[in-house]
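Chemist: Sequence:
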Amino acid sequence: MKNFIKIIILLFFALFISSNAQSTRGLVNDGVDDYEAKKFPEAEAQFKKGVDSDIENFVPRFNLGDAIFKQGRFEEALKEFKKSLTLAETEETQAGVYHNIGNTFIKSQKLKESIAAYKEALKRNPNDMETKYNLSYALKQMQNQQNNQQQQKQDQNKDNKDNKDQNNQDQDQNQNKDNKDKDKEQDKKQDQNKNQQKQQPQQKEDISKDEAQRILDALKNNEAELQKKMRQKKSKKSNVEKDW
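For the sequence shown, the residue numbers in my numbering are 1 to 244.
Be careful, since some hints might not be right.
Straight-line C-alpha distance at most 30 Å; calculated DSS-like pairs for lysine-lysine [as the list claims (entries may be wrong)]:
#1 Lys140 with Lys119
#2 Lys82 with Lys123
#3 Lys39 with Lys123
These are calculated hints, taken from the structure and not from any lab test. All figures in this text were calculated on a predicted structure; none of them were measured in a lab.
Can you build the whole structure from these sequences, using the hints too?
Modeler: Pasting the structure below:
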């Protein structure tokens, strides 16, 4: 951006007649000399005196905003320009104020406001090449800013999608792992149950009372038969001994 700051040196449309007006003109002239010598704090002081000398005069108020702007105090400069705008009586002077307001906004990175101010200036002075240049610069800067914001948004959306996909993949892997662990645990329990079944002795089947009685009777008969045989054997042995 071309740093064109408009300064009105002596845009008085008639000679000062009163002593107060002559004093204001002298203060403005001194301020302009300091401004052109790049002594901006000194110029500011002179223009302030000019404002105090004639508070309704457009020239010292407008030039005061210029001197403050040159010192980088853009918010203060903007206030002075807006005040001078209420005192500007011609479209040319109004255009000069809007031009400087646009410069102040662009220095503060307020591109939208600067573009609006430059357009207002061109409405009043359509042939001002400096304002046209600054307007085109501000428009290009805004386009670049919008492109950067769009690119950042796309990058952010891509990062969010990548993170989401990665999280879903991790969750699927963890779920599969949990399922495998559960299957292994289930298989282990089944194997343990099988081993327990093998190790347990088979229980005898239940028998009826009648069958139990038959078994007991058979055991008694066997025992009685065994006792009879034992008695016969003992008697036979005794007889043999007597024969001897």
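Chemist: Indicate, hint by hint, whether the structure satisfies it.
Modeler: Status of each hint after checking the structure:
1. Lys140 with Lys119: Holds, at about 15 Å.
2. Lys82 with Lys123: 17 Å, holds
3. Lys39 with Lys123: 33 Å, violated
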